[in-house]
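Go ahead and model the full structure; you've got the sequences and the hints to work with.
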Amino acid sequence: MATITAADVNKLRTLTGAGMMDCKKALVEADGNFDLAIENLRKKGQKVAANRSDRESTEGAAIAVVNADKTSGVVISLNCETDFVGKNEGFVKLATDLANLALNFKTKEEFLAADFNGITVADKLIEQTGVIGEKIEIGSFERLEGAFVGSYIHAGNKIATLVSLSANVPGAEEAARNVAMQAAAMNPIALDEAGVDASIIEKEVEIAKDQLRQEGKPEAMLDNIAKGKIQRFYKDNTLVNQDYIKDGAVSVSGYVKSVDANLTVTGFKRAALG
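Take the sequence shown: its letters are residues 1329 to 1602, numbered as in the numbering used here.
No wet-lab data here; the hints were simulated from the structure. Heads up, some of the hints might be wrong.
Below, computed lysine-lysine pairings styled on DSS-like, alpha-carbon distance capped at 27 Å [to be verified]: (1) Lys1436 - Lys1353; (2) Lys1353 - Lys1434; (3) Lys1531 - Lys1545; (4) Lys1353 - Lys1463; (5) Lys1545 - Lys1574; (6) Lys1398 - Lys1353; (7) Lys1486 - Lys1398.
Here it is in structure tokens:
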């Protein structure tokens, strides 16, 4: 039987992220064979993943990253079951490493099939499920491209956002970050009026009319009053029309135009946990 040293255990721990005792046990069972020990840890992950497949994974870390020339970005969430694990430094580092890898892929499916230190991302998630003992999975995967893309990660990694602007102008980086912060704080449902699903507006119109009827308003007035309420709905729920959180006297669109008269917000993505 091979002699298992502390250095061997540390090496396996570095490779897999597993605990010291799990690494030692895996090496003993594999008679010192690292490849077999890693395979055994992955098999353990598969068993744990199967047993926890019906668990909710609503905690974790949301991470947004942008490429070097600020023309594309990705926001992902690495989900787990408990806030304790989600705040762990090693877990957040894994989420960040995965987000940086995700920059290279257009879809979640391509990303999950990508190589991550010798195994696929999907297999890494299974491995970490066994290591951590909680269901670990990719929740959100959103990509954004534009003339200028900025990002924001809220304290605690519970919310991460991306925002794209129409041009890379002086002040674009600060503007994109500020608007990304707005998207994190105010949770808009769409960029502008055109992005709101018609069924949502129909529902809001009916709600508004029902309220007006209960207030005794004449039927002939309902359409006009409801239109005003829908405009308020757009103002509250679409990013460019919201009051800018750092200056309520202007909208987000107005703030961006104060940076450059021709500058507009062209898109946003948001991932949130908890």
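Quick rundown of the hints versus the structure:
Note on Lys1436 and Lys1353: the hinted pairing is violated, with a Cα-Cα distance of about 34 Å set against a maximum of 27 Å. A C-alpha spacing of about 39 Å is found between Lys1353 and Lys1434, which places the hinted pair above 27 Å, so the restraint is violated. A hinted pair counts as satisfied when its Cα atoms are at most 27 Å apart, and Lys1531 with Lys1545 qualifies at roughly 19 Å. Distance hint between Lys1353 and Lys1463 is fulfilled; the C-alpha atoms sit about 22 Å from each other, no more than 27 Å.
Distance check on the hinted pair: Lys1545 and Lys1574 sit about 37 Å apart at the alpha-carbon level, beyond 27 Å; violated. Of the pairs offered as hints, the one joining Lys1398 and Lys1353 is violated, with about 46 Å between alpha carbons and a cut-off of 27 Å exceeded. With a C-alpha separation of about 23 Å, the suggested pairing of Lys1486 with Lys1398 holds against the 27 Å cut-off.
Violated hints, in rising order: 1, 2, 5 and 6; the structure is consistent with all others.
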